[in-house]
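Quick note, the sequences are listed as chains Y and B, same order.
Residue 201 in numbering that gives the first Met the number 0 is what sits at position 202 of the first sequence, and the numbering runs on without skipping anything.
Residue 255 in numbering that gives the first Met the number 0 is what sits at position 256 of the second sequence, and the numbering runs on without skipping anything.
Hints are computed from structural coordinates only; laboratory data are not their basis.
Here the structure is a predicted model, which means the values were calculated and not measured.
Just so it is clear, CB atoms sit at the ideal spot from N, CA and C, and this is done for glycine as well.
Some clues are possibly wrong.
[As the list claims (entries may be wrong)] Not close to chain B: a few residues of chain Y, all C-beta gaps over 10 Å, as computed:
(1) Leu10
(2) Thr22
(3) Tyr100
(4) Asn143
(5) Gly178
(6) Ile182
(7) Val236
(8) Phe271
(9) Met302
[Said to hold, decoys possible] Straight-line Cα separation of at most 25 Å, DMTMM-like style, residue types lysine to aspartate or glutamate; simulated pairs:
(10) Y/Lys81 <-> B/Glu226
(11) B/Lys446 <-> Y/Asp282
(12) B/Lys151 <-> Y/Glu44
(13) B/Lys151 <-> Y/Asp57
(14) B/Lys596 <-> B/Asp28
(15) B/Lys596 <-> B/Asp276
(16) B/Lys238 <-> Y/Asp57
(17) Y/Lys81 <-> B/Asp154
[Unchecked claim] Derived DEER-like restraints, expressed as beta-carbon distance ranges:
(18) B/Gln315 <-> Y/Ser144: 25 to 35 Å
(19) Y/Ala301 <-> B/Lys316: 47 to 57 Å
(20) Y/Asn143 <-> B/Lys316: 53 to 63 Å
(21) Y/Ile171 <-> B/Leu266: 44 to 54 Å
(22) Y/Leu11 <-> B/Arg231: 27 to 37 Å
(23) B/Asp311 <-> Y/Leu3: 54 to 64 Å
(24) B/Val5 <-> Y/Arg320: 19 to 29 Å
(25) B/Arg193 <-> Y/Ala301: 56 to 66 Å
(26) Y/Leu25 <-> B/Val373: 34 to 44 Å
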Amino acid sequence: MIGLIVRRLALLPVLLLVVYTITFMLAWALPGSAVMSDEGRAPPESVRLAIEARYGLDDPWRFYTGYLLSVSGIRWATETIKGAGGRPPEYVLDFGPSFRYEDWSVNELIGQTLPVSMTIGFAALLLALVIGLAAGAAGALRPNSWLDAGALALALVGISLPTFVIGSVLLIVFPVWLGWGSIGDWGGPGSMILPVVTLSLPFAAYIARLTRMGMIEVLGSDYVRTARAKGLSERVVFAKHALKNAFLPVLSYLGPAAAFAMTGSFVVERVFNVPGLGQHFVDAVRSKDLFVIMGVTLVFSAMLVVFNLAVDVLYRWVDPRIGS
Amino acid sequence: MGRVVVVVLVLLGMLAAAMAGDRRGPRPDLVYIQPADVNTLDPQRMSHHQDMLICYAIFEPLVVWDNETFEVQPALAERWESSSDGLTWTFYLREGACWSNGDPVSAEDVRFAWQRALLPDTAADYTALFFRIRGGESFFRFRSAQLEEYAKRPDRERTADAARAMWTDAQRAFSEMVGIQALDERTLRVTLERPTPYFLDLCAFASFHPVHRATVTDPRWWSLEPETGRVRERFGWTKPPHLVCNGPYIVADWRFKRRIDLQRNALYDGPHRGICDRIRALTITDDNTGLLAFETGAADWHTDLRVAFMGDLLDQKRRGERDDIQFMPVFGTAFWSFNCEDRLADGRPNPFRDPAVRRAFARAVDKQLIVNAVMRRGEQATNVFIPPGSIPGFRSPAGLSFDPEAARAELAAAGWVDRDGDGRRENERGEPFPTVELLYTTGGYHKDVALALGGMWERHLGVRFTASGRDPKAFKDALRRRDYMLARGAWYGDYGDPTTFLDVHRTGDGNNDRGYSNPKYDELMRRADHEPDAAARMRLLEEAERMTMEEELPLLPLFQFNWYSLYRPERDAAGRPVEGGVRGLSTHPRNVQYLWKLQLVEAGDAGASAEARR
């Protein structure tokens, strides 16, 4: 187990370097100037060129290596060791400034928005698990019954209806028609309920289908027949023997799902005005905010790797046969 | 199963902890919605509407506008005088004016802020406004040259000491060259390059607000970069708790893309004390969500509404079903730019280099139809660039109105006639008029307008057209490279003088996206620059507007922008106070709102009428 963790974490920098390089190439190719706002006044041309030079935007290679040094913490390390002269950078892993939101560093942006996205993502996954497992198990227990059909219908809706439709409908029904909850003013558990429900539905749908499939398969297996033959009650057979094994495919789905849910969804964040990280994926690309694009992508990739690792560790814990 | 329960319990615990730490306080006295977060609270660097709204509340400039008449009133400066030639201005600062940390506001703070605006290091959007001050432009060039020279030095000569020495030189040059002097703690003398009748008006603009020198130059944020020799500022000082301001409000909290909380500044003793104790700005980027948030009472005022179904909302208002959507014409014009270069970006000859062709295209556009049938939002169609009536003393010309007959004649006179009877126009060499390419930004109504324009030119002039959209970054880039034939455009004025519009037609101006260049126009503007008599100067500027709108047409004006916002009016049609209505909002086209003037109408508000009459 320790070996697995060490190996995966050792691989992380290599992976991030690859992601960094690809993101850099794509972001660099975006049209337009990164340092100029689309509206507003144009400062003199010499000023624009000077700012671009300041951030290494005049030379792709200089930008690539310069940002790599600061984002990886190497610049921090060398400048701390050198000591004399300038001050060491503010952050160990310095993601740079935001061009659009000039008063904020990308570190601050991520620091303020990532916790929000993670909270919502966490809650959405938990809710998805509860709904998904219950619906899946119910469907497996009585296949082709109205209960199964109902669960299937719910799953279809969850998967195929885009979140902006579900989100808008929820917004209209609850805060606008019924007067429950508020819109726009983020803070407190109340404002979290609707975005969490919206975000959880697609995940719940997948989990329900995975659980149902796994359950039906497991319920037909020899050891379940043995358990029944031993005279165990159907409840014990179901909860203790079948559900646990049917859960394994769900678990492997949870890794990427967790990373996706917790780094924020652009649509859910926009519709419910959640101050999360997801919007930066889209907004930053639109305004060619290079440091934000790179920083957010790196954080997302790192999270994806870490969550997959966590799932693998959990996997072994739940099912000791794997990896031993 | 026990293990799973443990995991779930741990996750639930973390969730509860996260929720508990994210609570919102009681509702402030006034909540407004801004559709985008503030880009910066640094007055010298800002250029967005939402930034300035807060700037005007937390910083106090020398003078402020009366935002209904746009005359200037004392603020930080309690009085001022100007020399008879209008070149020297002396401002006397209010005694007792202090920063939110207790330091007195000194003339030096103003001088420092204005110096920042002039430094190429700061990269301020509005640097050019400070070129009206004597030596401002020379200093900007001096420092730019200094930095360029420094960049060429070998590595070992680019040290912290060298950068410091160069900075000392720049400081000395500033004192010698630039006409901004702090005569003593409370007296500021400004000398201008040439008479600038609107100089006081400029002094109320965001870029001219003072900043607290000691905070901005705190070594935590301010340093000289040995590699480039330039001043490097990290913008930590613009966020609470570091932000030090001198206006009626202070920033109590700023959560990114979430909210900004303002609190009345207890140390402010000037003439513009805020009425509300606490004001909150909510950032809601989605237009529909913003509207719903307003409708469910999350906010009292939505500052800038841009929903796609605006026409329906306005219909509802017309039918008396809602009273909360407001609009007013503002200090900005929607137009389409003609590429005025001799050749297009791909080397083809440009038919629009000929003013006659531009005039023909302008005359073939039925602007009223576009406003009524395409926009459907109550805008005012216009034939001129400067919104008529928005600048006292300036008379707008008539411009070119819709006249398809005249348009066809104009185009034929320019040599474009159908010579071979195939329905397309050719020039003398028999080359057909090229397909007109219209470039617009994706999102919003621009595509509809482009198609309407193209249709009109097809119908009235017999030319073919294509329209293509780009997203804002790519669009801006195409404009800069002049890689277009016709492109949509928008311009908002900054200060109350025609030059805030007319400057964009000057040869080489940074905002002259059309590449328009006409020595006659430049000469006219130069004469206006040096005209000491205010009335005679206005006549010159009127001629400049007439020339560009009736003869030259570097751009084709369509309509004056409307500004849409949501708030309940102060009183209803019968004149009774409306509970929850917002009092103190200006309806002047310049659209400058002062948060310190705002107040909600409370239930049984008898003082409403008395207050308004006062």
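Going through the hints against the structure:
Consistency note on Y/Leu10: stated as away from chain B, and its beta-carbon is indeed over 10 Å from all of that chain's, at 26 Å minimum. Chain B leaves Y/Thr22 outside its interface by the beta-carbon criterion, the shortest separation being 17 Å against a cut-off of 10 Å. Residue placement check: Y/Tyr100 does not keep its beta carbon more than 10 Å from all beta carbons of chain B (closest about 6 Å). For Y/Asn143, the condition that its CB be more than 10 Å from all CB atoms of chain B holds, with the nearest at approximately 28 Å.
Distance to chain B contradicts Y/Gly178 as a non-interface residue, since its nearest Cβ pair spans about 8 Å, not more than 10 Å. Annotated as non-interface, Y/Ile182 brings its C-beta within 10 Å of a C-beta of chain B; the closest such distance is 4 Å. No Cβ of chain B comes within 10 Å of the Cβ of Y/Val236; the nearest lies about 13 Å off, and the non-interface call holds. For Y/Phe271, the condition that its CB be more than 10 Å from all CB atoms of chain B is violated, with the nearest at approximately 7 Å.
At the 10 Å boundary, the C-beta of Y/Met302 stays outside the reach of chain B, the nearest C-beta of that chain being 16 Å off. The straight-line distance between the Cα atoms of Y/Lys81 and B/Glu226 is roughly 16 Å, inside the 25 Å bound, and the hint therefore holds. Proximity of B/Lys446 to Y/Asp282 is assessed by CA-CA distance (about 22 Å); at most 25 Å being required, the pair is judged to hold. Using a Cα cut-off of 25 Å, the hinted pair B/Lys151 and Y/Glu44 holds, with the two alpha carbons roughly 19 Å apart.
Taking the CA atoms of B/Lys151 and Y/Asp57, the gap is about 15 Å. The hint holds against a cut of 25 Å. Of the supplied pair hints, the one linking B/Lys596 and B/Asp28 holds, its CA atoms being roughly 13 Å apart against a limit of 25 Å. Pair hint B/Lys596 plus B/Asp276 holds up; C-alpha atoms about 12 Å apart against a cutoff of 25 Å. Our distance criterion of 25 Å between C-alpha atoms is broken by B/Lys238 and Y/Asp57, whose separation comes to about 30 Å.
A distance of roughly 17 Å separates the Cα atoms of Y/Lys81 and B/Asp154; the hinted pair therefore holds under the 25 Å criterion. Between B/Gln315 and Y/Ser144 the beta carbon distance is about 48 Å. The supplied range of 25 to 35 Å is therefore violated. The supplied range of 47 to 57 Å is met by Y/Ala301 and B/Lys316, whose beta-carbon atoms lie about 51 Å from each other. Between Y/Asn143 and B/Lys316 the Cβ separation comes to about 55 Å, which falls inside the hinted range of 53 to 63 Å.
Between Y/Ile171 and B/Leu266 the C-beta distance comes to about 46 Å, which sits within the given range of 44 to 54 Å. Between Y/Leu11 and B/Arg231 the CB atoms are about 32 Å apart, so this pair conforms to the stated range of 27 to 37 Å. A beta carbon spacing of about 59 Å between B/Asp311 and Y/Leu3 agrees with the range 54 to 64 Å that was offered as a hint. Checked against the hint of 19 to 29 Å, the pair B/Val5 and Y/Arg320 passes, with Cβ atoms roughly 21 Å apart.
For B/Arg193 and Y/Ala301, the hinted distance range of 56 to 66 Å is satisfied, since their beta carbons lie about 58 Å from each other. For Y/Leu25 and B/Val373, the Cβ-Cβ distance of about 36 Å falls inside the hinted range of 34 to 44 Å, so the restraint holds.
Of the numbered hints stated above, those contradicted by the structure are hints 3, 5, 6, 8, 16, 18, listed in ascending order.
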